[in-house]
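*Asks:* Chain residues, written in single-letter form:
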Amino acid sequence: RKEVEQDPGPFNVPEGATVAFNCTYSNSASQSFFWYRQDCRKEPKLLMSVYSSGNEDGRFTAQLNRASQYISLLIRDSKLSDSATYLCVVNAAADMRFGAGTRLTVKP
Amino acid sequence: DGGITQSPKYLFRKEGQNVTLSCEQNLNHDAMYWYRQDPGQGLRLIYYSQIVNDFQKGDIAEGYSVSREKKESFPLTVTSAQKNPTAFYLCASSIRDRAQETQYFGPGTRLLVL
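Same order as they appear, the protein sequences are chains A and B.
Going left to right, the first sequence walks through residues 7 to 114 as my numbering numbers them.
Going left to right, the second sequence walks through residues 86 to 199 as my numbering numbers them.
One or more of the hints may lead you astray.
[Claimed, not checked] List time: in silico BS3-like cross-link candidates among lysine-lysine, alpha-carbon distance up to 30 angstroms:
| id | chain 1 | residue 1 | chain 2 | residue 2 |
| --- | --- | --- | --- | --- |
| 1 | B | Lys-99 | B | Lys-168 |
| 2 | B | Lys-156 | A | Lys-48 |
| 3 | A | Lys-48 | A | Lys-8 |
| 4 | A | Lys-113 | A | Lys-85 |
| 5 | B | Lys-156 | A | Lys-85 |
| 6 | A | Lys-113 | A | Lys-48 |
| 7 | B | Lys-99 | A | Lys-8 |
| 8 | A | Lys-48 | B | Lys-99 |
| 9 | B | Lys-156 | A | Lys-8 |
| 10 | A | Lys-113 | B | Lys-155 |
| 11 | B | Lys-168 | A | Lys-48 |
| 12 | A | Lys-8 | B | Lys-168 |
| 13 | A | Lys-48 | B | Lys-142 |
| 14 | B | Lys-155 | A | Lys-8 |
| 15 | B | Lys-142 | A | Lys-51 |
| 16 | A | Lys-51 | A | Lys-113 |
| 17 | A | Lys-48 | B | Lys-94 |
[Unchecked claim] Just some of the chain B residues that point at chain A, by a computed CB distance under 7 angstroms:
| id | residue |
| --- | --- |
| 18 | Pro-124 |
| 19 | Gln-126 |
| 20 | Gly-127 |
| 21 | Leu-128 |
| 22 | Gln-185 |
| 23 | Glu-186 |
| 24 | Phe-190 |
| 25 | Gly-193 |
| 26 | Leu-197 |
[Said to hold, decoys possible] From chain B, some residues computed to sit far from chain A (all C-beta separations above 10 angstroms):
| id | residue |
| --- | --- |
| 27 | Lys-99 |
| 28 | Asn-111 |
| 29 | Val-137 |
| 30 | Leu-175 |
| 31 | Arg-195 |
What the hints contain is simulated information worked out from the structure, not anything from laboratory work.
The structure displayed is predicted, hence computed values, not measured ones.
All C-beta atoms in this analysis are idealised placements derived from N, C-alpha and C, irrespective of residue type, glycine included.
Looking at chain A on its own, in the form it has when it is part of the complex (with noise of 0.2 angstroms):
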């Protein structure tokens, strides 16, 4: 079983949809969690951190669940520079853990 795992996607969703990304950890000692944006060839950019009681930060939410192991990502009024891949992230005793990415287009 994979430390993080996430949907690969593709994602493909028209401007203005609402999308949703899950992520689930297997270290219950995970002390912080992150979703990273990562345009085609580009370095991972931090989007935001995920704190216990969520957090919203204009069109992204991000929610945590401790008790089911699970991160999420909500876009609402999706642009079309929103697509990217997204990558869950996990910290646990200064361990970082990527998931491999969920990969979303945003189409016209």
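Put chain B on the given structure of chain A with help from the hints.
*Replies:* Only chain B this time, still in chain A's reference frame:
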């Protein structure tokens, strides 16, 4: 502008050759990391360093070596012992904020074998 730089952007390696990838940061971060990314896989940790003159092996250190003589620099050498070096190599550095460590990445180096 603070940031992480990696060079070169593309690197070609011949059979039996050692090559070195550069990573420099001016963010004053203590910790630095090297990852390898292959298509369809998550990033895998090669080596990391929490402080100058100290580093530890990650999950896939075989065939690689590093040094950390300066806080700003963490070069990675891909040796001839690494039989499948073609990949996208990413360097990262991190800051600890309110007990949470956040990593920031350089632009990466693509290594191709001739």
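*Asks:* Check each numbered hint from earlier against the structure, then list the numbers of those it violates in ascending order.
*Replies:* 5, 7, 9, 10, 14, 18, 26, 30, 31
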